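Each protein sequence line maps, in turn, to chains B and H. If you're matching positions, the first sequence starts at 1 in our numbering and goes up one per residue. If you're matching positions, the second sequence starts at 10001 in our numbering and goes up one per residue.
What the hints contain is simulated information worked out from the structure, not anything from laboratory work. A few of these clues could be false.
With the C-beta cut set under 10 Å, the calculated list includes, among others, these residues of chain H facing chain B [claimed, not checked]:
hint : residue
1    : Val-10259
2    : Val-10288
3    : Asp-10289
4    : Glu-10291
5    : Thr-10331
6    : Ala-10345
7    : Thr-10350
8    : Thr-10389
9    : Gly-10534
Note that the structure is a prediction, hence the values are computed from the model and not measured. Glycine is no exception: its CB is placed at the ideal position from the N, C-alpha and C atoms.
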Amino acid sequence: MKPIHEAALVLRDGELFEGEAIGAVPPGGISAGEVVFNTVMTGYQEVITDPSYAGQIITFTYPHIGNYGVNSIDRESRQPFCRGVIIRDPARRASNHRSEGEFSDYLVEKGISGIAGLDTRRLTRHIRDLGAMPGAFGTADEDLLRAAAIAEPGTDGFDLVATVTCDAPYTVESSGPRRIVAMDFGIKTSILTQLKRLGTIEVVPAGTTAAEIMSLDPDGVFLSNGPGDPEPLGHIRDTIDSLLGNVPIFGICLGHQLLAGTLGASTYKLPFGHHGGNQPVKRLSDGKVEITSQNHNFAVEADSLTNAELTHINLNDNTVQGLRSTTAPAFSVQYHPEAGPGPHDSRYLFDDFEQLMETFSTETLNA
Amino acid sequence: MPKRTDITSILVIGSGPIIIGQACEFDYSGTQACRVLREEGYRVVLANSNPATIMTDPDFADATYIEPLDVAVLEAIIIKEKPDALLPTLGGQTALNLAMDLEAAGILKAQGVELIGADATAIDTAENRETFKRAMIEIGLDVPLSGTAHNMDEADKIVEELGLPVIIRPAYILGGKGTGIAQTAEEFEAVASNGIDASPIGEILIEESILGWKEYELEVMRDHADNQVVVCSIENLDPMGVHTGDSITVAPAQTLSDVELQEMRDAAFAVMRRVGVETGGSNVQFAVDPETGRQVVIEMNPRVSRSSALASKATGFPIAKIAARLAVGYTLDEIPNDITRETPASFEPTLDYVVTKIPRWAFEKFPGTGNVLGTQMQSVGEAMAIGRTFPESLQKGLRSLELGRFGLNADPGEIAYEDTPLDELLLEADVPTPDRIFKLEACLRKGASVDEVHDATKVDPWFLDQMLRITEERLALEQLSTDTMTRRAWKRAKQHGFSDVQLAYLWSVPESEVRAARKAAAVHPTFKTVDTCGAEFEAETPYHYSTWEDTTEVKGSDRPKVMILGSGPNRIGQGIEFDYCCVHASFALADAGYETIMVNCNPETVSTDYDTSDRLYFEPLTHEDVSNIIEVEEPVGIIVSLGGQTPLKLAGELPSELIAGTSPTSIDLAEDRERWNALCESMAIPQPPGGTATTTEGALEIIGTIGYPALVRPSYVLGGRAMEIVYDDDGLRAAMEQLATFGSLGREGGLSAERPVLIDRFLEDATEVDVDAIRDHTGEVIIGAVMEHVEEAGVHSGDSACVIPPPYLTEKTITTLESYATRIATELGVKGLINVQFAVKGDDVFVIEANPRASRTVPFVAKATGVPLAKIAARVMMGATIEELRNEGLVRPPVTGHVSVKEAVLPFNRFPNADPLLGPEMRSTGEVMGIDATTGLAFTKSQMAAGGTLPEGGTIFMSLADRDKAMGIDAARRFVGLGFDIVATSGTADALDEEGISVVKRLSKVTDDGGQDAPGETAVDLIDADAIQLVINSPRGRGPRADGAYIRAAAGAKGIPLLTTGSAAVAASRGMEEWLARPLQVKSIQEYHAAGSSD
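With the rest of the complex left out, here is chain B:
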């Protein structure tokens, strides 16, 4: 048996959890970030590599993580951006024909530190009751961890997109007929995979201007998912504002919040967000229910929607999950139709995007 390195997790409110250190050894024996929980039972590699977790420590509510190993396909970005993982019972040995390596080695290799063996249900209930909050874990002394937790600013009011967006534009080739510009706020690979069905994708950094985007002659612009608070991203809203009406737009997650913001809606922070693969969303056009993958802490204020109609709501708490501009060819959803991980119920939205681009180009031609 491997030696055990006792470790602890301390939340900003002082709540203490005892466990053992796993994964990479962080500098000073401390990892800090905003502690959130995710309720998926499968798809841990996709979750860990999702750039939307920048600044956050992910608690997995399902105890056994790592059972089917890791591979080179189920990753959602070039590298993980999360601040750490909290796992009840990491697997020692993987079993799956797709596995290319053990989960524990992967954590070390990718520089992700973690804490295991603690009462993750107690932690989850704590966050559920008191909200997501900063915390610190590691092998360091409890006092140091406590200080780190207090010093950790969380995600509110920060531009985390800058930390995850690509440095330079790149192209994802496709045999599809269209050209899509995807604004990368922390785009997931699964989204690129779905968009590729529609056409070639020009992935551009978050700071790309509207003029630069239009110069690429896109059939449509995609606003990606990404981490953190949409509020400080005014410059991106300006870009979107310039694009609105000139090109069909489809947004997911942070992209949805930014589109809503551009249309004049406000956003707010949910107590502990939605992070999981079992969230029910109702499509208001026909009442159909989709089981969706979600990963967000911020949401669009329903009452603030102007120039847009509500298209989807979360049935658990009635939060806004989708909208469509009433003035421009643009729509967005808060959840993740690309799955990765999660159900495939909502992939039709990519077809809707294609339809929107088709209609727009026909209308433009006729005009």
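Since the structure of chain B is already known, use the hints to place chain H on it.
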């Protein structure tokens, strides 16, 4: 869309008697459905022949028909009740098949009844293997390659193409009956021809072998708006080749990546749409090739199943309840999630724990059958356990089985594998048997690597590595002791699922010392909640399991709490009857203002529905686990006498001041032979002579005074485990030998100074009678019922048909029986239920035994008399008086004016190598009830309900032991009078001739070696030629293959009704006389109860 208003009444069909492959889970689903439909304002008409069910309680439907589940009977019910719709998807395969028959016969159409939940085309698409397969291929899903055959020529052609091994599955079957694997040409011939016979349409499917693949199941729900959700994924620990009902299964799936799981989810939804399950729950089974990940669809059930009961308990998502709502028009998003109350049912539960289900078998009851598991289900029950990790839930599950094992080895039971060398053990572990799981661990402990064990057995390496963690923990614990255990070490051991009994074994100290040391280290169990959502939302429903974490989620309460201990996994002798009693106790005590706490580990049951009690603990029924709950809940009383032997065995170890009702001392008094004998003597109540012995010598000594035949039985077991009638010294020695060894019986209690063997003179040709009674603390006694058995004393009461009111006992005898029962109850200081068994010979009444607890007959008596015995008993145990309950209206006079017959249902069709003879060891799995105006009519209905519909004409074969000849002659005369032909073997024919009863043909006898004593036809020949419609054959020899065994086996194989006692033959002949004189009539329990109580 809200519920449908164009229908007002709905017929629900139950699943009938408990049989292997169809157990309590359909009482759970049916009860939920009836409740929900009534809540929605529909008039519910229920048909189910099983009186032990909770659903057939008169409170759960508007009209409850405890009538045979037969097309003609259902037609009569439909004509009488005129329901608008039939919901066939909640009563198992039985209900589904009946719905198909009603549809095919045009009855539904003629009577204007709409099938809801699934239509006939959908059922046919799912159930007919060839249609199903074609449908799957049509929608682009992968299936095992195969072909369909209706005869051996077709079969041979298919196997030529596929190559061996292949799997053979008959069409339209239940629980995998008739399914088999063929590795060789010889096996293929045998399995294929059996399969063609077993299928009601004479069709088999021959498939490429996917043995050793990984097996999965998804539980899916769909509403009429095509919203679909996966409630639960399940992964089998046993690879393909073992029926899923006989496999250890784990939820959620453990070794599928999200990519694969979503592919499977998409496929399951496609299956639902293609099959056409419009609303409701279904399960879809998949096999996955571990090398390539290739997924193939195996089968689907377009109805709720045993797996859906498991999935409901595993997730907190009540599939049957929601299926019922969907069937009447709701969509998933219109139905609230009961547990969170705020979120809708249109979501997919997420777990933050691991659930393990482990089956329990009864091979020891059926000598002559092997214990090898295969594609045909053989288990009789199952336990489920919840833990935060797989190792914890596996160990909890193993100790929940109550087989004398306390986890994954590390207990005295592990000695069985100690001397087997590793290479041999690896070979043994490749054969699926009930104890394979223990062998797997033993292999790992003997040094085999996970890969070696995987290569030998195909069990997935992840599961094996998790088992290896248990092994490693055990080896580490062996180096420690109660003195050296740190807080962290205690927590680690407990988190790995180690029980106190295991630790006591490893450290050679008493269990109490382990518990004390652990408490001294300040390590305490915690209770978490099953909440469907991984704690994302607040759970309103206190459905708990124990684990070893930081915090407990049990909420306080200011009401007095009563804890009810359930009966654990189903087994022969202890099943749904006791669940009925526990559930009724919970209802009655809740009505009386108590907070009720249910503890049980059987996922099939109504008791483990979180709706049943105020609090539910899904926990093993062991001293340690129950004590932990007592410490956290602090109940004012614990009910141990309604759940059968399981809780009763615990009573002695629990705080005696908390035991509600009859004291454990009184319970012991009834079991302690010496004191019991003295008690009977002091009351001048006659007993058959007998004594107790702990050795063979002692037993022989007793025989010296009482003589043969003698009844030999162990104390403290239910269901007549290893009970035997012995006729000579050899028989006695064999019986004692069996009891002394660590065999099946040793595991359940065994022979020891504290638990001696009881030896009594066996009274031949006596009538056996059961009396159920209740006594309160003031001394008032009410008699529940006096039940006269159809079979003579010597046949286990659980296997015998019995009748209320007693048809042949005299008034005087009945008075004596009631008086004896009352006096015994008083003398024992009973506070609650008591069951007393008597043997009546002429005018003499002998008491055989008394059990101051709920008996198997309690629900039957309640249905027959309208008196809710279990509810009354629960209240009396908590201190109410019968007088008080009479004022409340709970105690009322028994209804009269009709006759009720209970008949046992036996599983011999599952064990073709076991002799289908009745004896003192109970072997029935379930029971049915027939009610009608007279004994004959009620008996005839009971036979029909039990699957042995008596013929209305034709040929009867008779072969009777001498002691049965007098009754046989009476029966034969009546049958001949009804126009039947009799054929018989020479001895019986002579006896009939002498009485002037004509025998149309004399048959040769089958000899012990399977030959015959003279040329000419034998009964087996005639049975095989379908020339016999009823077999009456009572046993002579006692060897396993004595002559009649061949005849009985042949009758069993052909499904010809078989009577094995003279008294049953008489009852049948009288029944047919009345049946033929009067057309079929059906009447609901509510009508019987109303009519009977008005006079």
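Interface hint outcome for Val-10259/H [beta carbon to chain B under 10 Å]: holds (6 Å)
Evaluation of the interface hint that places Glu-10291/H against chain B, nearest CB under 10 Å: holds (6 Å)
Chain B contact restraint on Thr-10389/H - CB to CB distance below 10 Å: Nearest chain B Cβ about 5 Å off; hint holds.
When the least beta-carbon distance from Asp-10289/H to chain B is tested against 10 Å, hint result: holds (8 Å)
Cut-off 10 Å, beta-carbon criterion: hint that Val-10288/H touches chain B: holds (9 Å)
Given hint Ala-10345/H near chain B, where the shortest CB pair must fall under 10 Å: holds (9 Å)
Closest C-beta approach of Thr-10331/H to chain B relative to 10 Å, hint status: holds (8 Å)
Interface hint for Thr-10350/H, Cβ within 10 Å of any Cβ on chain B: holds (4 Å)
Minimum beta-carbon distance criterion (10 Å), Gly-10534/H to chain B: Since chain B brings a Cβ to about 4 Å from Gly-10534/H, closer than 10 Å, the hint holds.
Going through the hint list in order, the structure satisfies each hint without exception.
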